[in-house]
Amino acid sequence: MTLPPKLQPGDTVGVIAPSGSFERERLLPGLAYLRQQGFCVREGESLYAQDRYLAGTDQARADDVHAMFVDPDIKGIFVARGGYGAARILDRLDWALIAQNPKALVGLSDTTALQLGIYERTDLIAFSGLSLCSDVTAEGLHPETENALWAAVCSHRFARINLTPIREGEVNGPLIGGCLSLVVSLAGTPFFPKFDGAVIALEDVNEPPYRIDRMLNQLAMTGAFDRAAGVVFGEFVGCEPERASEGQLEDVIEDFAMRVSCPVYCDLPYGHGKARRVLPIGLNVRIAHSVLEFGTI
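Per this note's numbering, the very first residue in the sequence shown carries number 365; after that it's consecutive.
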């Protein structure tokens, strides 16, 4: 794994949109918030562009990623929003350039594709847990998310987390994962991460239980869970069944736990809810006695 440098007030950070487009007004509170925290902000060239549902063409969004990583004045990179589109630029990225210029990349949701691609190709740890457009309002940022964010990117500190065991067992390995639908979208591609010995963290939003089941089954058929050290489920916001007779998400997770051989835990405070932890994708973690602890970096 490669450690990104710590951020500190006074640093210049870049803001990019490698996925979906958005109205400029949605980002204004996030930009103001970063400046209030003492950071100088550099906006990507394609930040406010629109090409259908994308924030500019694939090449323009890839160019923004390159520009932020190669610029020595930029110390960290924040993603404006998720949506869709990050996976479309993976085959356009210069992985050697990114590896030679390690920086903290902070995003959530669709950014999973970019963060997993970067980790698979460069071993660079990224931080999953913040989307500027969605999380920062005129009132600011939820205190739990805020505390987790700055502890992660400025101090590389991550508090212990109490989990709920479904299939208990001691677990050690790199923490890999993110939004389930984005993890699944990489299956069969050169950017699908190696799950050998990994602790797989998963969350999603607005997916009914049968679709969660379908995606977990697809990952299972790749052999991901056969090779994993363990699985940890985060929040699944808006993932209610279309009809009560279909069962609940809890039923899907319990069924899943019976079909895999690795330990399975739930209640990781991470997902599309407003209050969440910021996870270091690629950092070694340990789970013992239902407590998740992060390694030092």
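Note that these hints are calculated values from the structure, not bench results. Positions of the beta carbon are idealized from the N, C-alpha and C atoms, including for glycine. Treat the hints loosely; a few may be bogus.
Claimed, not checked - Using C-beta positions, here's what the derived DEER-type ranges look like:
{"id": "1", "residue 1": "E606", "residue 2": "E657", "range": "33 to 43 Å"}
{"id": "2", "residue 1": "K370", "residue 2": "E657", "range": "15 to 25 Å"}
{"id": "3", "residue 1": "C404", "residue 2": "G552", "range": "39 to 49 Å"}
Hint-by-hint comparison with the structure:
no. : hint                    : in the structure
1   : E606 / E657: 33 to 43 Å : holds, 38 Å
2   : K370 / E657: 15 to 25 Å : holds, 20 Å
3   : C404 / G552: 39 to 49 Å : holds, 41 Å
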